[in-house]
Each structure stands twice: as C-alpha cells, then as structure tokens.
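The lines below spell out each chain.
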Amino acid sequence: MATGPGLESLVDQTISVITNDGRNIVGVLKGFDQATNIILDESHERVYSTKEGVQQLVLGLYIIRGDNISVVGELDEELDSSLDLSKLRAHPLKPVIH
Amino acid sequence: MLPLSLLKTAQGHPMLVELKNGETYNGHLVNCDTWMNIHLREVICTSKDGDRFWRMPECYIRGNTIKYLRVPDEVIDKVQEETTKTRSDRKPPGVGRGRGRGREEGPSGRPAKGIGRGQDDGNNKGGGRGRGVPGGKGGGGRGGGRGRG
Amino acid sequence: MLFFSYFKELVGKEVTVELKNDLAIRGTLHSVDQYLNIKLENTRVVDQDKYPHMLSVRNCFIRGSVVRYVQLPPDGVDIDILHDATRREARGA
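Chains as they are written, first to last, in this note's numbering: chain A, 1 to 98; chain B, 1 to 149; chain C, 1 to 93.
There are no misleading hints in this set.
If you want the footprint, here are the derived chain A segments under chain B, 3+ residues with CB under 8 Å: (1) 29-36; (2) 60-74.
Every beta carbon over 12 Å from chain A, so not counted as near; a handful from chain C, in silico: (3) F3; (4) Q71; (5) L72; (6) P73; (7) G76; (8) D78; (9) I79; (10) H83; (11) D84; (12) R88; (13) R91; (14) G92.
Source of the hints: derived by calculation from the structure; they are not laboratory data. No experiment lies behind these values; they were computed from the predicted model shown. The beta-carbon is built from N, C-alpha and C at its ideal position, and this holds for glycine as well.
With the hints as extra help, turn the sequences into a complete structure.
This is the structure we're talking about:
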C-alpha cells in the first residue's frame, strides 16, 4: 500500500492530535503502528474555553491508542508561532459519537 | 519506533493509564502484550471526576479499554538504546524488541543514544519537562493526566 | 474494497470531510488506505470561528473510523462506472 496515508512523513515532526474525547494534544510524533496507536513526545494539551485564552498543560511522553484518535495534523510551526493562543477563545471540541 | 515497543520497554516503570470511561490507573507496569493488555502492580485507581481513590496490589487492564498511557520521559531513550544495541550485536532473531521499523530514511540509522532530546521547548511554558513522573504517589492529586469532568 | 478504489480515483480533488464530532475539514485529497483513513492537504476548517483548534494545521490525517461524510466534487461521480463496479463487487469479482 505504497500510496496509503501513513504517518511516516510526520515522524519527528510536531503534530496536533484531536482525540475522540475532544482534547487537542500537541507533541513530537516518535512512532505509530497499523492501528494508528501513536507515541507523542514532549507533548502538551491545549485546553480551549470560552472564558479565557488557551491553557497549555505539560503532559510529557504519551502513547495514545488509535481508536481514541480523530485527526493527526501536521503543525505548521510558523503559522503556529504567529497565533496568539492567549487570545483564542472557543468551546472545547465535542466528543466523537460513533 | 512502535508504540508497543515503547510500552514493552516501560516494564518496571511507573505509568498512568486513562481508560475510555475516564478512570485513571497509576501503577508500575509488570507486563503487556500485543493487544496492549497490561498488568500493573501497586495501583491507585482514580474515579472519572477525580474524587474517589482505590488502592490495589495489582490489576489487569484489557487493551481496548485504554484511551492513553503516560510513561516516564526517560523510557523513550531506553528503547533507542536497545534497538541500536541489538543491531550492533547482531543477536539472532528472537531477542525480541528492536525491530524498529526499518529506518528507510538514512544510511546510518540512529545517532546512537544520548540524542539530546533537544527540540528546545520554547513553547512549553512552565519550564518544560521535569514533571514528577506519574507515579504511585498517594492520591495522584495532580491534575496532569485528567481534568474535565 | 469498492470505496477504497473509488476514493483512490478522487486523489487530487477537493473534498470536505465531516467528522463525527461535527468538525468539517476541507482540503485536497492526498491519499486513502484500506481503512478509509484519509490524508488531506491545504486544509481549512469549514467554520474556523467556531473551531479554531486546527488553525495552524495545513496537512492532516483523518482516521477513517471518525468520518461521518465525505462531500465530493460533482465531477467526481460517474454513475455508470459506479454502477458497473457495484455489480462486479456484488458478483464477487
């Protein structure tokens, strides 16, 4: 399946993961497998709320189970550093309902 | 690196496991398998809202109920050590682990251990790493892994 | 396998993927695999004011299991070919 959308190209890059329970976790992708289980290093969670800007919680080294993952996005570091997270307000994402 | 190799390497280390139902389990990893079923010792279980705790000498968690695992930072360096070691020693197959997905990207593989884990956390406000490892400390009272009721 | 083959034909086209958490992401279809995991390029979230969570993401991988709908370009659907393929699949070919 050479053309498949594997995560190879994202290894050692900073990624932004949206989980099924609506969390947004940012970290460096260190590994993954067929089931989309992933290893995230130096990760932190970005907590969105409507009352205050985005809060960042340091998490560290995580293994996230594939069936809890919705989206893995490649974080454009330039775009990201131009964002003022402290000014961003939003509802947390809804959990996935299967 | 495969997530399950990292998990295997974490044997003997403390870790935090959050289940899909929101409960968290803090304990030392005894063993795991390819389904991510895990066996923990010296466990503290915390309810979803974080207000109730149970202590148990050991427990077994079925892999498919897990949401994520938080493992101590240093474990990732051990995986790399072991993969490079098994490759340089050319141990016959069966020594388990290793098999770090064939490194297509470069001729030289990994720069053996000691990789500074550099990455310069500029964004990690709060002074980057150094968080106390999620360990079996009483009450597990640090919001870290959970939150949001 | 029919939908896998079908989506492979759509690579390079613009699609909108709506997820089971109501997030809708638009982008160029880069690739698909047998689980119908999808990779999009040049992505933007459809309602960015409501969902600023992916503002700094331009390329993403979407797990097939969380996809609710894929909105297709009108010219991405050739009814005759689809009919044929469906019959072939039903026959087990």
